[in-house]
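There are 2 protein chains.
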Amino acid sequence: MERDRRGSLTVVVRRKVGKIFVAEQEKGSIFPIDCLKDFSAKVFMHFGIAEVDARQAADVLAKSDLRGIDSHGVARLHTYFDMLTLGRINPKPNIKIVREKVSVATVDGDNGLGLVVGPRANEIAMDKAEKYGSGWVSVCHTNHFGIAGYYPLKAVERDLIGWAMTNTTKLVAPLWGAERMLGTNPIAIAFPGYKEPPVVIDMATSAVAYGKIEMALRKKAKIPRGWVVDKNGGMTTDPQDMIDGGAQLPLGSEREMGGHKGYALAAMVDVLCAVLSGANWGPFAPPFALRQEIPARSVGKGIGHFFGAMQIDGFIDKDEFKKQIDEWIHVFRKTKPAAGTNGPLIPGDPEREAEAIRSKEGIPLLKPVVDDLLDISRRTRIPFEVN
Amino acid sequence: MERDRRGSLTVVVRRKVGKIFVAEQEKGSIFPIDCLKDFSAKVFMHFGIAEVDARQAADVLAKSDLRGIDSHGVARLHTYFDMLTLGRINPKPNIKIVREKVSVATVDGDNGLGLVVGPRANEIAMDKAEKYGSGWVSVCHTNHFGIAGYYPLKAVERDLIGWAMTNTTKLVAPLWGAERMLGTNPIAIAFPGYKEPPVVIDMATSAVAYGKIEMALRKKAKIPRGWVVDKNGGMTTDPQDMIDGGAQLPLGSEREMGGHKGYALAAMVDVLCAVLSGANWGPFAPPFALRQEIPARSVGKGIGHFFGAMQIDGFIDKDEFKKQIDEWIHVFRKTKPAAGTNGPLIPGDPEREAEAIRSKEGIPLLKPVVDDLLDISRRTRIPFEVN
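Going line by line, the protein sequences match chains V and B.
Counting from 1, position 310 in the first sequence corresponds to residue 295 in this note's numbering; the numbering is continuous, with no gaps.
Counting from 1, position 387 in the second sequence corresponds to residue 372 in this note's numbering; the numbering is continuous, with no gaps.
Quick caveat, the hints were computed from the structure, so don't treat them as lab data.
Please note that the accuracy of each hint is not assured.
No copy is singled out in the list; a pair is fine if it fits within one copy or between any two copies.
With a straight-line cut-off of 27 Å between C-alpha atoms, the simulated DSS-like cross-links for lysine-lysine are [claimed, not checked]:
id: 1; residue 1: Lys27; residue 2: Lys216
id: 2; residue 1: Lys303; residue 2: Lys81
id: 3; residue 1: Lys116; residue 2: Lys86
id: 4; residue 1: Lys180; residue 2: Lys352
id: 5; residue 1: Lys319; residue 2: Lys180
id: 6; residue 1: Lys308; residue 2: Lys286
id: 7; residue 1: Lys86; residue 2: Lys207
All chains, full assembly: derive it from the sequences and hints.
Below you can see the structure in the form of structure tokens.
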């Protein structure tokens, strides 16, 4: 990082591209994570959210920024702010178990922040895992819960295997469909290592993150075949075709390459999160952002999540498992590399690398994100200082 | 079906291509499922396998043939026969729970047939689900268990949500790798409907089934880019490059299309099935067929499976769930079709269609498969009649 002549920072933004971090020079500023976390918490408290919940919500956003998933961190604070301002999210939800049987439960989030409902439901799953070997919680009447990877990381801290899924607003067409019917419906799971860091899987079931299509739109660039279809369901390399009534494609993209599998995974997430909990499934999942249309039909309450936790000791000696995970990592790191690559990564590598750098060096935010935070500051009178 | 001039049958083989059944004229014969089932059971009993287990194993193979997954049915009986003949599979295993905690358990299959160990372990998961809301069983020291979809279908019969996974012999390279490190590691899950048939997901985590590469090899045809890499990890359209030290690619195929996601899913299956149970994981999973090399290193016992079952009533009223699944199916069937297609299928459609036809019309077997069965018949003196 260097100060440029105008005194502001020239930020080396480490942006995730192809699970490799490429350095990109952009105007922006760098913020210590604690400063962002504190600001976010105060913004949530501004709406009457209890301090413990506000700090919890801020922690989820911060984890995303730390792990380099810029799209899901404070860059989204303004959307949460808008939803709370309009009364679309309940700041004081009565989150409760509505049905339960030993190792499983359904939680009603009472339309609270997903960033609060999610951690609460995940905790129930983890507590059950410690008592009954495993715990599985489906959640209805909730909202966007941040990065799915946050939840299994919490489980790993307690030496559990953790799972998290959520359904989201429609963006993806089923294979052979010409309209948006499913969200990008992510699946996350993490396994603790002994001396090695955990294996952390956190993946959308779409071929690509929406953010990459957005980036191509801004740059007026073409996108690879297989990311999106146009309004007739035809393959296209023009990202504008997706905006004009098209849709994203599921992982696998087309039949020959396994597009039916990505669709099936998205369907699985949809059913576990939404049908099983009594939330809105498929195309009826309510949107997260204001610009998105609210579906005319409702088949349940809010969106849905699904959390799982398993106690390793219920299956095998915990340390034996963790040592085998270390060995798994060592063996996979030694895979013969494909020509022109450094060889396979271990799931979670790029995010961990980002976290190591960003917890020391701070979080680089682009100017539009900083402007959003300054706008919130102006409207709430919560101070936010740009260095 | 028509008799040709030589009196044998010209079989219209319904082969799964692109989740569409295309009719293909091939020489072969048609067999009633009960005849194949009975023959398989007697072959298993020939090795001293108890009748109840032998019939169970035959049922798994038959389900595969019924559902149109020709590669996993009696076409594999000769391989099981070989493994049993050589004493590589234990005909009288002492299958037992070696560790347990309320909703979870680990089962040691004592090197029995996966077709016997799998159903037993799945039953434990289902029993636990009925008692504790969910049941999760990791299995070590087992062998190939047939189609993954068999197990969740059993769960659905008991109004449960069922899951099954297994690790398999190495065939797939992790993204950016140039060698085989993981199996095609399938994931299956099924959800019961009310009046509609269940939604059944059963998918390998590789981009494509090995059978499709084999078919191209036989026809000396090119394959699409993204199915396999050569021994240097480079993309190739020549299936022979895979045989000559190459590997299959995970779902998503390359980084830009989400190949890291398919790799992550295969890794998840590997850990849940093998690391969690104490079986051989990754490249150390022992092979199913004789022609495949036995890995020099062993890190556990046999291969591993993972079964899950969840009682719907623990989460939500069972009938309410099943009616919503029906509605989910109706809504997804009405998706606007992509140009040139009939629109999206519901996961499980092609297999169910095959089952409806084949349970009436019988199972068409190609000549090499019939020859294999005749060879077994000759060697065991168990009668097998070709009509």
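Verification of the supplied hints:
Taking identical chains as interchangeable, the C-alpha atoms of Lys27 and Lys216 are never at most 27 Å apart, the minima being 42 Å within one chain and 56 Å between chains. Within a single copy, Lys303 and Lys81 get their C-alpha atoms only as close as 32 Å, which misses the 27 Å cut-off; across copies the closest is 20 Å, which meets it. Taking the shortest alpha-carbon separations for Lys116 and Lys86, both the intra-copy value of 13 Å and the inter-copy value of 9 Å come in at or below 27 Å. For the homomeric pair Lys180 and Lys352, neither the shortest alpha-carbon distance inside one copy (39 Å) nor that between copies (54 Å) is at most 27 Å.
For the identical chains of this complex, Lys319 and Lys180 are intra-copy neighbours only, at 17 Å inside a copy versus 51 Å across copies, given an alpha-carbon limit of 27 Å. In this homomeric assembly, Lys308 and Lys286 come within 27 Å of each other (Cα to Cα) only across copies, at 16 Å, whereas the closest approach inside a single copy is 43 Å. Taking CA atoms no more than 27 Å apart as the test, Lys86 paired with Lys207 passes in neither setting, with 51 Å inside one copy and 53 Å between copies.
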